[in-house]
Structures are given as C-alpha cells and as structure tokens.
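Asker: Sequence:
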Amino acid sequence: MQIRFHDRAEISAWLFRLFFLFQPSPAMNSLKSKTGRIVFSVSTLCLFLLAMIWVSYCRQRSFDKSDTIRFAIERNSNLAVALEQYVIRTLHNADAVLQVVKMEYADKGESLDLKNLLKRISISQDIDDCVSIIGPDGRLKMANVAFPGHAAADFSDQPYFIFHSQNNSDSLLISEPRVSRASGKPVIVISRRLYDEKGGFAGVVTLEIQPSVFTSFYAQAHPLQNDIISLIAPDGMTYARRTGDVESSGEDVHKSPLFRHVAQCADSFYFAPDAIRHIPTWFSYRKLNDYAIIATVGSSEANILVDFTNRQPRFIIPRVIISLFIVLFSLFGAQFLLRRRKLADRLLAEEEKYRRLLTQQMVAVQEREREWIGRELHDNVNQVLTTVKLYLEIAAREEGSPLIPRSMQLVNRSITEIRNLSHQLSAPTLGTGSLVDSINALIETVAFSNHLQFAFDYSGYTGVVMSQKLALYRILQEQLTNIVKHAQATHVWISLFGKDDNVILTVRDNGKGFDATSKTRGMGITNIISRAKVFDGTVQIETAPQNGCLLTVTMSRQVVEERSVH
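So in full-length UniProt numbering, the last spot in the sequence shown is 566, and the numbers never skip.
Bear in mind the hints are in silico, worked out from the structure with no lab data behind them. Every value quoted in this text rests on a predicted model; they were computed, and no experiment measured them. All C-beta atoms, glycine included, are put in the ideal place defined by N, C-alpha and C. Wrong hints could be hidden among the right ones.
Restraint ranges, calculated between C-beta atoms of paired labels, are given here [what the hints assert, rightly or not]:
1) Leu331 with Pro257: 49 to 57 Å
2) Arg59 with Leu328: 39 to 47 Å
3) Asp196 with Glu176: 22 to 30 Å
4) Arg413 with Gln558: 20 to 28 Å
5) Arg340 with Ser467: 34 to 42 Å
6) Glu352 with Val388: 47 to 55 Å
7) Phe448 with Asp515: 28 to 36 Å
8) Ala266 with Asn167: 22 to 30 Å
9) Val306 with Gln60: 17 to 25 Å
10) Val365 with His491: 29 to 37 Å
Quick list of in silico lysine-lysine cross-link-like pairs, DSSO-like style, CA-CA up to 27 Å [unchecked claim]:
11) Lys353 with Lys342
12) Lys533 with Lys353
13) Lys198 with Lys108
14) Lys115 with Lys185
15) Lys198 with Lys141
16) Lys533 with Lys342
17) Lys185 with Lys119
18) Lys34 with Lys102
19) Lys185 with Lys141
20) Lys102 with Lys141
21) Lys141 with Lys119
22) Lys512 with Lys485
23) Lys353 with Lys499
24) Lys533 with Lys34
25) Lys115 with Lys102
26) Lys108 with Lys141
27) Lys102 with Lys185
28) Lys485 with Lys533
29) Lys34 with Lys342
30) Lys108 with Lys119
31) Lys141 with Lys115
32) Lys287 with Lys255
33) Lys102 with Lys119
34) Lys512 with Lys34
35) Lys533 with Lys499
When you get a sec, could you build the whole thing from the sequences and use the hints?
Answerer: In structure tokens:
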C-alpha cells in the first residue's frame, strides 16, 4: 500500500504539533523554580523566629544576671557599712577603756586596782579580756589577767612598745595580729603612750581584742561557704577575716587589686579572684576615715548566681519547646516542598524524555519523507520528463517546429532541478559511505552552483553513529542553505573534530552577518537547534552585522566503527 504525498505531509504536521505539545510545562518549570525560593523563604523565616526567641532569651538572661549581681553588690555594700560602724564603735569603746585606765594610773600609780576599775567601767566584756600596763623599761607592771612564765613579763621587744617609746605623739596604735602571751590566742593589741609628770615616756597601756570580735556580727547574716568579711591594713596585713564560718587573721593580701581600687575611690566595689583562695568574687569595700583600716565584704560569683542559675530552666524550657516546633515545622515543610520538587523534576525528566523521543521520530519521519520525495522525483517525475524529452527529440526531427527546441530546454532544466532537489533531499553517500564523503559531495554541489570557495578540515574527527552522522549532515546542509540565501558570502570554512567525549561542527563564513540579539529566529536555525537537542547538543552563534557568522554545534559523541575514510 502506497502513501500519498499529502498523507505524509499530514503525518509530518502532526509530529510537529506533538513536538510543541511536549515542550516542558511552564507550570512544572514554575514549580521547580519557586520551590527553592519557598524553601529559602521558609528557612529564613524559621531562622529569624529562632533568632528572635534566643536573642530575647539572651537579653533577658543578661538583664537578670545584671540585676542579680547588682542586688548582691548592694547587699554587700550595706554589710560593709554595717561592718564599718561596728568596727568604729568597737575601737571607740576600746579607746575609752584605755583613756580611763591611763587617767587612773596617772592619778594612783602602782596602787591602782586594775581589776576593780575594769569591773566598774566595763563597756563590753568582749574588749577587756586583757588590759595591761607596761613600764618604761618594758617590764609588765600590772594586768587584769595572769601571764604564765617569768619571761612573759618583758614587752620591750614588742612593736607597739618600740613605737610609743620612740614617738611622743598621743595616738592610738592598732598593731598587727599576734599571739597573746596571756591567752595564747591571736589578738589585736590596741595601745596608748603613758606620760610621767614631766611629760616623758612612762610606759604603755594596752588592750587585747580577739579578731573574731570584729567579725562576729557577720554570723547573723548567715554567710555562705565562700562569703568573705575582712578588715585589712593599708600594707595588706589582715586584721580579721571570716570566710563562711572560718575565722582567721594575719594573712598578707598586699597583691590584691583592692588597694588599686581604694586609691581611686574610698567606697566602691570590684570583681576579682579572692587573694587567698583565688575564687572569683564580687567585693564591696569602705575605707575607715579615723582608722587605717579597710572593711571589705565579698560574695563569690558562684554563690551570687545560684538563684539566677536555678531560675533559667523556667525560661529555657518553653523556648526549647517552641524552637523544636519551629524546627520540625521547617523540616517537614522543606521535606514536603522538596518532595514536590522531586516529583516536578521527575515529570520534567519524563517530558524531556518524550520530547527527545518525539524529536527523534520527527527527524526520522522527515528523513524518510525526504528519501521518499527524492525517490518519487527520481523514479517517477524524472522518468516522465525523460520520456517527454525523448518524444520531443523525435518530434523535432520530424516536424522542425521552433517551439520544440524551446520545450526541450525547459524539460532539460526541469530534469536538472529535480536531480539537484533529489540530491538535496537524500544524503548522497551516507547510506554507503562516510560523513566526510557526504560533506565533500555536498560542498562540491553547493560550490559549483553558487560560486563559493570552501575549506573543510576533518583531521580531528573519529566517527559517530549513523543517526548522528545524519543530524550533522542536515545541520551543515541547513546552514549552507542559510549562507547561500542570506549571507552573500564568498568563502566558507568548515571544521569537524572531536574533543573529549564530544563531536564539534563549526561553520564560518565571511558574509554580511546579522543581529544576534534579535528575538526573531528563522526556521533554519530552529531546525538546527532541534536536531542538536536530540543528542543533548548545544548551538552557539557568533555574528554581527558585516562581520560574518560562526556556527558551533557541540554534541555528545556516539561512538561507532566507520570506514577509514570517515
């Protein structure tokens, strides 16, 4: 059964319609492009919400911590004021005892009953444990307690005795902590100078106070293990110190940053490691005005922040739960969108597969149609015209009419055009030869009929499958047709070579070129691009008005064994 020409044309038209029908769906492309933006937007929003949640927590935590530390500093400052007042009151009481004893001793001399006197003027039992009078020779004259041992009666080597014997000023001296010769316990000795009738040195009156007397009131504040209260001399010697429930004295803390801060401000606070145990501590301090003593109260940072740390779970847990919900929402949302994108990719891949298959079928139908038309022209129309020519030749010999030679010329021209058209529709040597042979034959035909000069380089060509040979041949044929019709060129350079896993065809002419930025695309270029896409190829056109044109077609090379001539 033979197919008529219009039947084949109808088939070709339907294939073209199907080709455009299977172009990638705009909705699919839109979904694919929007999915990434949506995922990015959702992720950005979730990150923004998480950032807001945790930034607000960090700010709240910072404010809470600052308030907690500020409250502790205020508490320590109040305790430092209370300590200052307590120390001043204690020293005033002790000095009052010394002044009374000094006056009574000046009036009664060695006949003074010291014990009864202290009972009568007792201001506080905590500060009159040991009151003694030492003569100008350093020997003990009297005391309200007994001193064990004979050697204990000599105080001439004590710093307070040496100070008063060498200084004529009537000043109260507070000595560094030392072990009492009477009780054997650490004490702070408070002393004043005694004068004889002529104003000379008559000895020293002393009063011993245990360091715990100064820090005992702090026990009512319920100090924690690392809380500190201390009285410190300007040279760094500790008069009294209480760390939690532990009493101590005599520590040297001259390297403490306390003295640097005191030099700048007599009443303030600072943060530094404890000079003895090196525990980070917030200190409040006050420098006493009338006495060379610095009162300090400190709380370790760990103790201050205990309640602050215990409060954090109440703020963290709700934020963690909300953050988990946001993260899960983001993950599930992104997973849903990515699944839709994968589905769209799969559908696009299927569409591309069908489109490529349809393109291949369309090209195959076109080639079969070309072959059929060529054969019909050659086998039927051409034979009819040849027969007509034969009859005309016979008639010319018999009749001698002048119209008969003219008819024979027209018939000859028709036969030539049909033969050329048949050659164009069918690649003359692809069925039996190589692509190179077919291109050479095509060049010979085009050059002869259009007066073009060609240069063909195929030194790097290694062969491809038949379908790809046909595609390259048709692409070259289409471009040469464009050059003949539009370029007004005189020279054409053709190159066919392989590079990596690709086969590359370039066609360059010296014609008038055209505007590559124009959106109008001819059918010839469209056919070239369609044939290249069948083999995942790309088409690049470099041209400009009056600068010729360079066409570069790159395809993935399909390997096949060809003849040595290629």
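Asker: Confirm or reject each hint.
Answerer: Right, here's what the structure says about each hint:
1. Leu331 with Pro257: 49 to 57 Å: 51 Å, holds
2. Arg59 with Leu328: 39 to 47 Å: 25 Å, violated
3. Asp196 with Glu176: 22 to 30 Å: With a Cβ separation near 28 Å, Asp196 and Glu176 satisfy 22 to 30 Å, so the hint holds.
4. Arg413 with Gln558: 20 to 28 Å: Once the Cβ atoms are compared, 41 Å apart, the range 20 to 28 Å for Gln558 and Arg413 is violated.
5. Arg340 with Ser467: 34 to 42 Å: Roughly 36 Å apart at Cβ, these two residues keep to the hinted range, so it holds.
6. Glu352 with Val388: 47 to 55 Å: 51 Å, holds
7. Phe448 with Asp515: 28 to 36 Å: Check passed, 31 Å falls within 28 to 36 Å.
8. Ala266 with Asn167: 22 to 30 Å: Hint holds: Cβ distance 26 Å, inside 22 to 30 Å.
9. Val306 with Gln60: 17 to 25 Å: The hint (17 to 25 Å, Cβ to Cβ) holds, given that Val306 and Gln60 are roughly 18 Å apart.
10. Val365 with His491: 29 to 37 Å: 35 Å, holds
11. Lys353 with Lys342: Measuring from Cα to Cα gives roughly 16 Å; hence the hint holds.
12. Lys533 with Lys353: Holds, because 11 Å separates the two Cα atoms, which is no more than 27 Å.
13. Lys198 with Lys108: This hinted pair holds, its Cα atoms lying about 16 Å apart.
14. Lys115 with Lys185: Holds. Lys115 to Lys185 sits at ~21 Å (cutoff 27 Å).
15. Lys198 with Lys141: Distance of about 20 Å is within 27 Å: holds.
16. Lys533 with Lys342: 23 Å, holds
17. Lys185 with Lys119: Holds. Lys185 to Lys119 sits at ~23 Å (cutoff 27 Å).
18. Lys34 with Lys102: 99 Å, violated
19. Lys185 with Lys141: Judged against 27 Å, a Cα distance of about 22 Å means the pair holds.
20. Lys102 with Lys141: 13 Å, holds
21. Lys141 with Lys119: Roughly 19 Å separates the two Cα atoms, so the pair holds.
22. Lys512 with Lys485: Satisfied, since the Cα-Cα distance of roughly 12 Å is no more than 27 Å.
23. Lys353 with Lys499: Satisfied, since the Cα-Cα distance of roughly 26 Å is no more than 27 Å.
24. Lys533 with Lys34: Holds, at roughly 26 Å.
25. Lys115 with Lys102: 14 Å, holds
26. Lys108 with Lys141: With a Cα-Cα distance of about 13 Å, the restraint between Lys108 and Lys141 holds, given a limit of 27 Å.
27. Lys102 with Lys185: 25 Å, holds
28. Lys485 with Lys533: At roughly 25 Å apart (the allowed maximum being 27 Å), Lys533 and Lys485 satisfy the hint.
29. Lys34 with Lys342: Satisfied, since the Cα-Cα distance of roughly 13 Å is no more than 27 Å.
30. Lys108 with Lys119: Cα-Cα ~17 Å, so holds.
31. Lys141 with Lys115: Distance of about 13 Å is within 27 Å: holds.
32. Lys287 with Lys255: Holds: Lys287 and Lys255 sit about 17 Å apart, inside 27 Å.
33. Lys102 with Lys119: 16 Å, holds
34. Lys512 with Lys34: 43 Å, violated
35. Lys533 with Lys499: The given pair, whose Cα atoms are some 18 Å apart, holds under the 27 Å limit.
Checked against the numbered hints above, the structure breaks hints 2, 4, 18 and 34 and satisfies the rest.
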